[in-house]
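Peer 1: For reference, the chains in residue letters:
Number of protein chains: 4
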Amino acid sequence: TLQHIFKEIFKASLELQEDDHSKALLVSRKNHPQNTIVDIKGEQIGDGQQRLIVGPCSVESFEQVDEVAAAVKKQGLKLLRGGAFKPRTSPYDFQGLGVEGLKILKEVADKHDLAVISEIVTPHDIETAVDYLDVIQIGARNMQNFELLKAAGSVNKPILLKRGLSATIAEFINAAEYIHSRGNGQIILCERGIRTYETATRNTLDISAVPILKQETHLPVFVDVTHSTGRRDLLLPTAKAALAIGADGVMTEVHPDPAVALSDSAQQMDIPQFEEFLAKLEESGLYKPGKVTIK
Amino acid sequence: TLQHIFKEIFKASLELQEDDHSKALLVSRKNHPQNTIVDIKGEQIGDGQQRLIVGPCSVESFEQVDEVAAAVKKQGLKLLRGGAFKPRTSPYDFQGLGVEGLKILKEVADKHDLAVISEIVTPHDIETAVDYLDVIQIGARNMQNFELLKAAGSVNKPILLKRGLSATIAEFINAAEYIHSRGNGQIILCERGIRTYETATRNTLDISAVPILKQETHLPVFVDVTHSTGRRDLLLPTAKAALAIGADGVMTEVHPDPAVALSDSAQQMDIPQFEEFLAKLEESGLYKPGKVTIK
Amino acid sequence: TLQHIFKEIFKASLELQEDDHSKALLVSRKNHPQNTIVDIKGEQIGDGQQRLIVGPCSVESFEQVDEVAAAVKKQGLKLLRGGAFKPRTSPYDFQGLGVEGLKILKEVADKHDLAVISEIVTPHDIETAVDYLDVIQIGARNMQNFELLKAAGSVNKPILLKRGLSATIAEFINAAEYIHSRGNGQIILCERGIRTYETATRNTLDISAVPILKQETHLPVFVDVTHSTGRRDLLLPTAKAALAIGADGVMTEVHPDPAVALSDSAQQMDIPQFEEFLAKLEESGLYKPGKVTIK
Amino acid sequence: TLQHIFKEIFKASLELQEDDHSKALLVSRKNHPQNTIVDIKGEQIGDGQQRLIVGPCSVESFEQVDEVAAAVKKQGLKLLRGGAFKPRTSPYDFQGLGVEGLKILKEVADKHDLAVISEIVTPHDIETAVDYLDVIQIGARNMQNFELLKAAGSVNKPILLKRGLSATIAEFINAAEYIHSRGNGQIILCERGIRTYETATRNTLDISAVPILKQETHLPVFVDVTHSTGRRDLLLPTAKAALAIGADGVMTEVHPDPAVALSDSAQQMDIPQFEEFLAKLEESGLYKPGKVTIK
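Chains as they are written, first to last, in this note's numbering: chain A, 412 to 706; chain B, 412 to 706; chain C, 412 to 706; chain D, 412 to 706.
Please note: incorrect hints may appear among the correct ones.
Put simply, identical chains are the same to the list, so a pair is met inside one copy or across any two.
BS3-like, lysine-lysine: derived pairs with alpha carbons at most 27 Å apart [as the list claims (entries may be wrong)]:
| hint | residue 1 | residue 2 |
| --- | --- | --- |
| 1 | K485 | K452 |
| 2 | K691 | K441 |
| 3 | K514 | K561 |
| 4 | K699 | K561 |
| 5 | K514 | K699 |
| 6 | K441 | K484 |
| 7 | K441 | K699 |
| 8 | K568 | K691 |
| 9 | K485 | K699 |
| 10 | K514 | K691 |
Keep in mind the hints are simulated off the structure, nothing from the lab.
I would like the entire structure built from these sequences, with the hints used as guidance.
Peer 2: This is how it looks when you write it as structure tokens:
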């Protein structure tokens, strides 16, 4: 029948359009079938080995970051995170130490030979950050701050891009494209939970986003288990799920004394909890430090 | 300060209330710390071993179910699913074979010595179903059909209760309580994705719900990877995540010829795809048939 | 170009499909361009005049309903609501008086010459309800309880169908079609808020659903301002919005003493508040009792 | 009982906390009970009269803006909008004319004696914008771009702040507080729809947010009917609802030839449609140009 023919043409047309569209994107796997590997001080992110990014929510002092860094180093890990510019819902909450925080991070990283990751929130600070950081993070609230994405695309430094609070996967991929289109293809995507009606968790971890992002793009994909759940008791099980589903790594927050942390006190692990977290992750067989584990 | 004291009293009071509330529930782990084990024809669901429930979306004919059952049996699995009463958005879509479908399921299950699971949609049919089924499923659209829950609570037959399309975890637990409060404690909970703004998947698999439900209740928890994703290409990765996070099992749909299925044709596996799915699941080390795998 | 031609064919094909699909539905305005008018004891719902449905959340006693009915009558209104079968999240909450509640409603309605509306939750009770009620309500949790919809379609009694907690407009229209397809075309649709991430209100009133439902179907459309907001202070403003946007009426809850109500105590008005609500609605010019007001 | 006493203390404590919290905010009505009136070239926004902000989605040329401005002027309106910096999902979509667009807006506004509103997307451009614009808009994607909010708080120019795509009302109020805390209290809030699962509209207009924002803050509140619905056929009904519920004004998009618009072609009105929109709004009695209409 005519209608059947129409439907077939319609399907063909849709596929044509979609092919066209995703072929056009630099971050698309259709354009570039092999995995992008992002080199961070020798760590080859995206090479099939799964990694952890660990550190306090906010940089509060040299001593605080140093204590976490020592614990990270002791576990044989390489990637340290810490917030210097903190986007906060209220203007009266702690806003971070700013450039002072970046300096602390660099000093600690140099001391322990770690790589360091921190969020930058204005185009203007991107250039400053290049001198202090090994990876520049673009946070969830800024995923569609397109001027910031363009600035991140103009430097020669790996970018960790977090998914927006209610961004679709298609919007997330386009945000990465903003960076790549300016010339910087060293991008790590990070799923960190989306906003839904459920209140048992801070956000809802969209675990299916991981295999979709791995299929649609050639970029490494991390899962931030701290912000997606907002619950210390869910960090271990969600980290297992993230590793099992094929994430290139997991990001989580550790603080020497979470109870007095200037932000996110309810969801950070202290150092013994972190060591137990890591031990149980290894025990599960899902995390094998130093070995290729993604199947 | 006065305010600080108020806050402390406030916290104590909140905890008191919560303790009270969840202690009161029969399904709460506070009431009953050890795992409930649901016996289905000798399969001890909730004993630490992880299992699969497999079968076609809809029962279409004896031959169709028989073909899937043979494949299920061949893989050493025990639990067969199939829809006889189909809740469909449009009244003009295929509504299932009804009691005829239940008869087919029983006949096939007897032939292959499998246990059989199917959805019932009215209180009136619960009694009929008892004669044909090993597990009665309450579907997502009926999670708050309280009269159906009460009827399910009044029979001596295991119940698989699916989470509602936009049910909170607290509402889900209360729905299980409706069943238990009528005397039937043989309940399996099933996460099947929630409704969010994201359109890349049919629903959003709320993987964190699994450890929360395991903590809050003593009931076994399954994950339906077919309905949570609606995508054949995501069945394997989400099944891995479900097993890694500690689900007691995974439910998925298999049809001899998905392209001509009367429902859900886009998301069912055919038999060779199912065999590959199972092989890759075993290869990943996450699924060990016949062995206790939850850590 | 070829692609442009494809796109044009694609659009044509899409329109063809949509036309086809909505033409097929009995509730579609394409099928039946003129408004359906539902006669409730002489009130012509859908005739252009806007009406109120008022009453307590739950029927608690003859005296309680009688007191509200007297207030409703005094204001020249005709349509009384009250819950006899109460779907509640917890099995331990008040579940309603059941058939006893229906009898109270009928007795009070007869005394004051009002029409009475109440929710029915199982197919089995629909037949009983026909003797007591002027309108049978299908609640939000049962919008996709298809067996209940079919039963509602098989009686000769107006049905007020509430939108499901997270139902799309398309699913809502299909739920109405379930009723109509069984022979009962006397259907009133009721928007009652949808589940979103926002917690300032109990649900999010989807006000745009009103004009969409009026365009897509020929059925009258009401707005339940009580359940969509869950806040007494928002009843008046949202009722104004509902009338302004073209709803055929507004439903709200009134209780002689909300503080001791057995359900929804925080959102019901007492009788003086209800009288003030009505006075302010008239004062706004948006509500003109007894006159055609929809433009 | 002890528990009852605890509950009472708990409630008292909660109220105390809340009082404290919202009293602390500069934008809170508790702090400042009278309405803030924002003066825009003599228009007293927030004085009880309801107003329209009208103009094309994007500034494309002097002629295009001039044509719309003439139509706006002809209708006795004063407030013209137009996008010069366009935040777009894809980097390959039209990004706006930038400063060139601001110049066109100013030239046209001066010619017709209108006030002009446009979105600014980086802190750096705020200072430039001050010379060209009468109102600086912060868009939905930048509602939690805190550095941009701080920059907007540091200039002496009215700010129109749009609600984020999935911002809670509490987060929206805190975003306004970022601006006010830096010294600029001339803030207009704009509800523009939130992201939900519903796909019949581009976003879901959260109409209840209007009375909540009017209660919680002393700031004027607008409703953007174009972006909340994304459908030309819903502009008139939602504008009526917005005016009826007490918004201080409505924002909508008009383009001389929407079919060839460089953005949002499906939802802009052409000039005759705009004139009909306005005529019907006046006919409804909800919009009275030049008169105080909020009750």
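Peer 1: Now tell me, hint by hint, if it's right for this structure.
Peer 2: Tested hints:
For the identical chains of this complex, K485 and K452 are intra-copy neighbours only, at 18 Å inside a copy versus 50 Å across copies, given an alpha-carbon limit of 27 Å. With identical chains, the CA atoms of K691 and K441 are at most 27 Å apart between copies only, with a shortest distance of 25 Å across copies and 37 Å within one. Taking CA atoms no more than 27 Å apart as the test, K514 paired with K561 passes in both settings, with 24 Å inside one copy and 24 Å between copies. In this homomeric assembly, K699 and K561 never come within 27 Å of each other (Cα to Cα): the closest approach is 36 Å inside a single copy and 45 Å across copies.
For a Cα distance limit of 27 Å, the shortest separation of K514 from K699 qualifies neither inside one copy, at 32 Å, nor across copies, at 49 Å. With identical chains, the CA atoms of K441 and K484 are never at most 27 Å apart, being 38 Å at best within one copy and 39 Å at best between copies. When the C-alpha separation of K441 and K699 is checked against a cutoff of 27 Å, the pair qualifies neither within a copy, at 30 Å, nor between copies, at 35 Å. Proximity of K568 and K691 under a CA criterion of 27 Å is satisfied in neither setting, with 33 Å inside one chain copy and 37 Å between copies.
Taking identical chains as interchangeable, the C-alpha atoms of K485 and K699 lie at most 27 Å apart only when both belong to the same chain, with a minimum of 16 Å there against 33 Å between chains. In this assembly of identical chains, the alpha carbons of K514 and K691 never lie at most 27 Å apart, being 33 Å within a copy and 47 Å across copies at closest.
In summary, the structure is inconsistent with hints 4, 5, 6, 7, 8, 10 from the numbered list given earlier, while agreeing with the others.
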